[in-house]
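Peer 1: Sequence:
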Amino acid sequence: MKDDAILKSPNSPGVVLVAGATGGVGKRVVQRLHQQGIPVRGLVRNAQRGRELLGDEVDLVEADITLPETLNARVFENVRAVICCTGTRVQPVEGDTPSREKYYQGVKFYLPEVAETPEYIEYQGVKNLVNAAKPYLKQRQNEKMIFDFRQPLPNFNSLWGAVDDVVMGGVSESGIRQISGAALFEGNVSTANSGGFASVRTRPLDQPLDLSAYEGIELRVRGDGNRYKFILRGDDRWDGVSYCYSFDTVYNIWMTVRIPFAELIPNFRTKTIETADPFPAGTVTAFQLMLSKFEYDGELNPTFSAGGFRLELETMKAYGGPPLPQFIMISSAGVTRPGKPGLNLEDEPPAVRMNDQLGGILTWKLAGEDSVRESGVPYTIVRPCALTEAPGGKALERDRGDTMKGQCSRNDIAQLCIDLLNAPEDTNTTFEVREKG
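When we follow the numbering used here, the leftmost residue of the sequence shown carries the number 3, and every step to the right adds one.
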């Protein structure tokens, strides 16, 4: 079985908050996040209606984006990103069905009217939401989980193994095994027979990991007071150049250890190699943990003591990638068109033609966009063309400049929102979108 069966890249920790969770796009975003195992919380104005639409398994919080005092700590507890699907309620003048079928179908034109004040929803509400979220949306850096030892890994024993000083005639012994919620590196290190180190290491990976977009490796460990080494390799040679970083532990205390690639020490058999080349983070081939009597170039580990040792490892991840979008806003194509010189309104969608009659809905959407762009929170603003109830599954195309016309399924836009959570290339961008063809 390939390495990727146990090299995990699960969803980033934390909850995705969906505002407008009972709307046409919002409810689909909530349902898909839940189905995909991504922790989600729906922000709703009416919890009872939210339960009827979304069921009992989804975490819901009652709040109103037009009332900033309701956007409290409970709303944003452990939230890593917000998907804003809020919008002014628009309805046909002639009335609609209880499930709003005329409005949602998005193909046949019905003379519309607004049931709410767009300024309060599209601008003040969005501004309230992003400003309230900002203190809670810490700049979570893009992370890549490499090993999540908190859950059983099926090929653990075939990937990890001991490499002790017995290869040099020593008598140290060690091993690594899975325990509840962690991996345990333990054993006995001895200086007899000129030995003095114990380690565990992965076999060379079938496919090298490309971590070149990241700054380093983060370990979550609980140690015994010893000073350990973390070792990476960038080629497939078993006894080639290794890149080392020494870190201290505190007895029986969980701690986070960050290992910058820039601070790795290239060496061969504890001898430092003088090189101007940085660690080849684009071709990581092996990982190793070691307890050794030796530091580098003949220096001794200052805290080393022979005997039993124990190091628990909860997670190993790459940290410091480019920032991810943390506030994804569903806006609308056409927001910059009202009042644009030379625009032929006859060729424009109804929302553009009737912007004034609809309370300046697009004008206020644009103001809401601006509040997001000015917030300092990493964002992506999506401007879909006419939304429909079509099943979706079609390819989408994007553009900028706000000239795009067309339509797209709410299902496809919902999935696009979820995909954007892990799209650093779309951070701090605004684009229009429609289905191809």
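Derived by calculation from the structure, the hints in this document are not laboratory data. Take these hints with a grain of salt, some might be off.
As the list claims (entries may be wrong) - SDA-like, lysine to any residue: derived pairs with alpha carbons at most 20 Å apart:
1) 136 x 324
2) 407 x 341
3) 136 x 49
4) 129 x 338
5) 140 x 319
Peer 1: The structure should be examined with respect to each hint, and the outcome stated for every one.
Peer 2: Verification of the hints:
no.: 1; hint: 136 x 324; verdict: holds (18 Å)
no.: 2; hint: 407 x 341; verdict: holds (17 Å)
no.: 3; hint: 136 x 49; verdict: violated (24 Å)
no.: 4; hint: 129 x 338; verdict: holds (18 Å)
no.: 5; hint: 140 x 319; verdict: holds (18 Å)
In this structure, only the earlier hint numbered 3 is contradicted, and the remaining ones agree with it.
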